[in-house]
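Those protein sequence lines, which keep their order, are chains A and B.
Numbering-wise, our numbering comes out as the position in the first sequence, counting from 1, plus 10.
Numbering-wise, our numbering comes out as the position in the second sequence, counting from 1, plus 75.
If you're looking for bench data, these hints aren't it; they were derived computationally from the structure.
Please note that a few of the clues may not be correct.
As the list claims (entries may be wrong) - Distance condition first, Cα-Cα at most 27 Å in a straight line; then the derived BS3-like pairs of lysine-lysine:
1) K52(A) / K12(A)
2) K146(B) / K84(B)
3) K12(A) / K66(A)
4) K66(A) / K77(A)
5) K89(B) / K132(B)
6) K52(A) / K84(B)
7) K52(A) / K132(B)
8) K89(B) / K52(A)
9) K146(B) / K132(B)
10) K12(A) / K80(A)
11) K77(A) / K84(B)
12) K132(B) / K114(A)
13) K132(B) / K12(A)
14) K84(B) / K132(B)
15) K146(B) / K52(A)
16) K66(A) / K80(A)
17) K80(A) / K114(A)
Stated by the list, open to error - Stretch by stretch, here's where chain B covers chain A in the computed footprint (C-beta under 8 Å, at least three residues):
18) 48-54
19) 81-87
20) 111-118
Said to hold, decoys possible - Over the 12 Å line for every Cβ pair with chain A, so calculated as not near, a few chain B residues:
21) L88
22) K89
23) S93
24) S106
25) E127
26) N140
27) N145
28) P158
29) Q160
30) A171
Keep in mind it's a predicted model, so treat the numbers as computed, not measured.
Quick reminder that beta carbons are idealized off the backbone N, C-alpha and C, glycines included.
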Amino acid sequence: QKEVEQDPGPLSVPEGAIVSLNCTYSNSAFQYFMWYRQYSRKGPELLMYTYSSGNKEDGRFTAQVDKSSKYISLFIRDSQPSDSATYLCAMRPNQAGTALIFGKGTTLSVSS
Amino acid sequence: NAGVTQTPKFQVLKTGQSMTLQCAQDMNHNSMYWYRQDPGMGLRLIYYSASEGTTDKGEVPNGYNVSRLNKREFSLRLESAAPSQTSVYFCASSEASLLYFGPGTRLTVT
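Taking the hints into account, I'd like the entire structure generated from these sequences.
Structure representation (structure tokens):
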């Protein structure tokens, strides 16, 4: 079992839909959880960041961490064509010197 | 504030040629990383440098060498390029756990 699993999609939704993107993981030591957005032919950019469990909201984006289920989610409300991108989850333990482990990314397409 | 910059943006090499990918950051971050991204494989860590003067292997270090020239710069060298090294290479820097990526170098080895 890979440490981080993420459905690659593609996921296609109409404009205005609520999008749910998810990752599962196997290492219970993971404490830092991030979501990156990557537009075509660009570098990944940090979108959301949470530490340990709980929710975090930033505008139309909400990140959730459920450590008991080893499951993290990114919700996008009122999705826009500009949200069309690949979304990568990433995580690591609370231990100095350890590198982030990335999911393979989910490709999202929002049609107008 | 340019963030993380990478040169070149594109490169085509013949098998056996060597080249160095350059990376610089102006955010005064201690840690720097080199990743490669391939279709279906996601981002894979090649090498990282937790601080100036230190480097460590990541998941896929074979065929690569790195140099942490100073706090700002971290270069990746391919001594003898192989077609399997055709990929998009991303440099990143971080403070705490947050990584900031450069725009990438698209490398093709024929």
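Hints, verified against the model:
Distance hint between K52(A) and K12(A) is fulfilled; the C-alpha atoms sit about 26 Å from each other, no more than 27 Å. Between the alpha carbons of K146(B) and K84(B) the distance comes to roughly 22 Å, so the proposed pair stays at or under 27 Å and holds. For the given pair, K12(A) sits about 26 Å from K66(A) by alpha-carbon distance, which is consistent with the 27 Å threshold. Distance restraint check for K66(A) and K77(A): the Cα-Cα separation of roughly 14 Å lies within the 27 Å cut-off, and the hinted pair is therefore satisfied.
Note on K89(B) and K132(B): the hinted pairing holds, with a Cα-Cα distance of about 25 Å set against a maximum of 27 Å. Pair hint K52(A) plus K84(B) holds up; C-alpha atoms about 11 Å apart against a cutoff of 27 Å. For a cut-off of 27 Å, the pair hint linking K52(A) to K132(B) stands: about 25 Å separates their Cα positions. Distance check on the hinted pair: K89(B) and K52(A) sit about 25 Å apart at the alpha-carbon level, within 27 Å; holds.
Simply put, K146(B) and K132(B) have alpha-carbon atoms about 18 Å apart, close enough for the 27 Å limit, and the pair holds. Using a Cα cut-off of 27 Å, the hinted pair K12(A) and K80(A) holds, with the two alpha carbons roughly 13 Å apart. The straight-line distance between the Cα atoms of K77(A) and K84(B) is roughly 39 Å, outside the 27 Å bound, and the hint therefore fails. With a C-alpha separation of about 20 Å, the suggested pair K132(B) and K114(A) falls inside the 27 Å cut-off, and the hint holds.
Between K132(B) and K12(A) the alpha-carbon distance is near 19 Å, which keeps this suggested pair within the 27 Å criterion. For the suggested pair K84(B) and K132(B), the alpha carbons sit about 24 Å apart, so the restraint of at most 27 Å is met. Distance check on the hinted pair: K146(B) and K52(A) sit about 24 Å apart at the alpha-carbon level, within 27 Å; holds. With a C-alpha separation of about 17 Å, the suggested pairing of K66(A) with K80(A) holds against the 27 Å cut-off.
Distance hint between K80(A) and K114(A) is fulfilled; the C-alpha atoms sit about 17 Å from each other, no more than 27 Å. With a threshold of 8 Å between beta carbons, the proposed coverage of the segment 48-54 of chain A by chain B holds, since 4 of its residues qualify and at least three are required. Under the rule that three or more residues need a Cβ within less than 8 Å of chain B, the assignment of the segment 81-87 of chain A is violated, with 0 such residues. For the segment 111-118 of chain A, the stated coverage by chain B is satisfied: 4 residues place a CB nearer than 8 Å to a CB of that chain, which reaches the threshold of 3.
Against the 12 Å criterion, L88(B) stays outside the reach of chain A, whose nearest CB is about 20 Å from its own CB. No beta-carbon of chain A comes within 12 Å of the beta-carbon of K89(B); the shortest separation is about 24 Å. No beta-carbon of chain A comes within 12 Å of the beta-carbon of S93(B); the shortest separation is about 24 Å. Once the 12 Å rule is applied to beta carbons, S106(B) is inconsistent with being away from chain A; the minimum gap is 9 Å.
Distance check on E127(B): its Cβ is at least 14 Å (rounded) from any Cβ of chain A, clearing the 12 Å threshold; non-interface status holds. The non-interface label for N140(B) is consistent with chain A: the shortest C-beta to C-beta separation is roughly 18 Å, beyond 12 Å. Its beta-carbon lying about 20 Å from the closest one in chain A, N145(B) satisfies the requirement of being farther than 12 Å from that chain. Non-interface status of P158(B) relative to chain A is upheld: no Cβ of that chain comes within 12 Å, the nearest being about 21 Å off.
Residue-level check passed: Q160(B) sits 19 Å from the nearest beta carbon of chain A, beyond 12 Å. Against the 12 Å criterion, A171(B) falls within the reach of chain A, whose nearest CB is about 8 Å from its own CB.
In this structure, the earlier hints numbered 11, 19, 24 and 30 are contradicted, and the remaining ones agree with it.
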